[in-house]
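> Sequence:
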Amino acid sequence: MPEDTGARPLVLLPTYNERENLEGILDAIFAVQPDFHVLVIDDASPDGTGELADRRAAADERVAVLHRSGKQGLGKAYVAGFEWGLAHARGYTHLFEMDADFSHDPRYLGALLRACTEGGADMSIGSRYVPGGGTRGWPWHRQLLSRGGGLYARTLLGLEIRDPTAGFICFTRRVLETLDLHALATRGYGFQIELKYRAVRAGMRILEVPIVFVERERGQSKMDAKIAAEALVKVLGLRLRG
124 MPEDTGARPL VLLPTYNERE NLEGILDAIF AVQPDFHVLV IDDASPDGTG
174 ELADRRAAAD ERVAVLHRSG KQGLGKAYVA GFEWGLAHAR GYTHLFEMDA
224 DFSHDPRYLG ALLRACTEGG ADMSIGSRYV PGGGTRGWPW HRQLLSRGGG
274 LYARTLLGLE IRDPTAGFIC FTRRVLETLD LHALATRGYG FQIELKYRAV
324 RAGMRILEVP IVFVERERGQ SKMDAKIAAE ALVKVLGLRL RG
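The sequence shown finishes on residue 365 if you use my numbering, and the numbering steps up by one all the way, no holes.
In short, the hints are calculated from the structure, not lab data.
Bear in mind the structure is a predicted one, so any value in this text is a computation, not a measurement.
The C-beta atom is built at its ideal place from N, Cα and C for all residues, glycine as well.
Treat the hints with caution; some may be incorrect.
[Stated by the list, open to error] Pair by pair, the computed Cβ-Cβ distance ranges are:
(1) E241 - E300: 18 to 24 angstroms
(2) A212 - G260: 36 to 42 angstroms
(3) R213 - E283: 21 to 27 angstroms
(4) E174 - R324: 36 to 42 angstroms
(5) D303 - H211: 35 to 41 angstroms
(6) D183 - D228: 20 to 26 angstroms
(7) Q195 - L279: 24 to 30 angstroms
[What the hints assert, rightly or not] Below, in silico cross-link-like pairs of lysine to aspartate or glutamate (DMTMM-like), each with a Cα-Cα straight-line distance of 25 angstroms or less:
(8) K194 - E338
(9) K194 - E174
(10) K194 - D158
(11) K199 - D303
(12) K199 - E174
(13) K194 - D303
(14) K199 - D177
(15) K194 - E283
(16) K194 - E206
(17) K194 - D170
(18) K194 - D177
(19) K199 - E241
(20) K194 - D222
(21) K194 - E241
(22) K199 - E146
(23) K199 - E338
(24) K199 - E143
(25) K194 - E146
(26) K199 - D228
Make the full structure from the sequences, and use the hints.
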């Protein structure tokens, strides 16, 4: 597909202790999208994820690695990846956010890209809460946290996006060049809400694409009560600032 549209896509893959999943997710991405490139953004994983990514990058020119000095939060990892992608000589036209733990199925990458290249979106979201979307393998408390957090964000910020906490996203270059990335204040998963809110405020056209989100099978989730609390506070702060 990239050859037909002129798109040059880059998938940003933040990792922290994802050694068990990394090679598998890279293989799965290239199986469905062999012309995509991937940037692994590793936060000095103690399990050797970064070293494994380096070996893969040395063997495959489609893979690059950005090493960071430690675990600094998902938001900062993505901002670093956005800046890397925008500055790259290849001139990437579309940058993706995606989890490395198979919660986000690579088979949806094509639909997210088409929503931008054919559907006219500035930004497309892999959504669990539009017709055709859903979750699989989630306990009730994860369902409650996700749906409650989404309702909270939509209500306070006036968002029409059905899944404001979603983290499977395709951005056109225009979005990332327009937004002040360093103004994004949230470090954890609340970053996803803040980024969408700022994109809406900037007049970007956003489309939601149905996906089924699957609970990870290997490794541990990075979501905890502290990260959820930060998101709640940051959303309220955005509302108060108007």
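> Evaluate each hint against the coordinates.
Verification of the hints:
Between E241 and E300 the beta carbons are some 21 angstroms apart, a value that agrees with the proposed interval 18 to 24 angstroms. A212 and G260 have their C-beta atoms about 41 angstroms apart, which keeps the hinted 36 to 42 angstroms range intact. Restraint check, R213 to E283: a C-beta distance of roughly 34 angstroms breaks the suggested window 21 to 27 angstroms. For the pair E174 and R324, the beta carbons lie near 40 angstroms from each other, so the given range of 36 to 42 angstroms is met.
Range check, D303 to H211: about 20 angstroms between beta-carbon atoms, so the 35 to 41 angstroms window is missed. At roughly 21 angstroms, the beta carbons of D183 and D228 sit within the given window of 20 to 26 angstroms. Hint check: Q195 to L279, Cβ distance near 26 angstroms, so the stated range 24 to 30 angstroms holds. Straight-line distance between C-alpha atoms of K194 and E338 comes to about 22 angstroms, which keeps the hinted pair within the 25 angstroms bound.
Distance check on the hinted pair: K194 and E174 sit about 16 angstroms apart at the alpha-carbon level, within 25 angstroms; holds. Taken as a hint, the K194 and D158 pair is broken in the structure, with Cα atoms around 30 angstroms apart against an allowance of 25 angstroms. Note on K199 and D303: the hinted pairing holds, with a Cα-Cα distance of about 13 angstroms set against a maximum of 25 angstroms. The suggested pairing of K199 with E174 holds, with an alpha-carbon distance near 21 angstroms, which does not exceed 25 angstroms.
Of the pairs offered as hints, the one joining K194 and D303 holds, with about 23 angstroms between alpha carbons and a cut-off of 25 angstroms not exceeded. Between K199 and D177, the direct Cα distance comes to roughly 21 angstroms. Compliance with the 25 angstroms bound is thereby established for this hinted pair. As the CA atoms of K194 and E283 are separated by approximately 32 angstroms, the hinted pair breaks the 25 angstroms bound. Restraint check for K194 and E206: the C-alpha separation of about 18 angstroms stays at or below 25 angstroms, so the hint holds.
Pair hint K194 plus D170 holds up; C-alpha atoms about 13 angstroms apart against a cutoff of 25 angstroms. At roughly 18 angstroms between alpha-carbon atoms, K194 and D177 fall within 25 angstroms of each other, so this suggested pair holds. A C-alpha spacing of about 30 angstroms is found between K199 and E241, which places the hinted pair above 25 angstroms, so the restraint is violated. In summary, the hint linking K194 to D222 is supported, as the alpha carbons are separated by about 16 angstroms, within the 25 angstroms threshold.
For the hint linking K194 to E241, the alpha-carbon distance of about 37 angstroms lies beyond 25 angstroms, and the restraint is violated. Note on K199 and E146: the hinted pairing holds, with a Cα-Cα distance of about 23 angstroms set against a maximum of 25 angstroms. Restraint check for K199 and E338: satisfied, since their Cα atoms lie roughly 24 angstroms apart, inside the 25 angstroms limit. Of the pairs offered as hints, the one joining K199 and E143 holds, with about 23 angstroms between alpha carbons and a cut-off of 25 angstroms not exceeded.
For the hint linking K194 to E146, the alpha-carbon distance of about 21 angstroms falls within 25 angstroms, and the restraint holds. For a cut-off of 25 angstroms, the pair hint linking K199 to D228 stands: about 23 angstroms separates their Cα positions.
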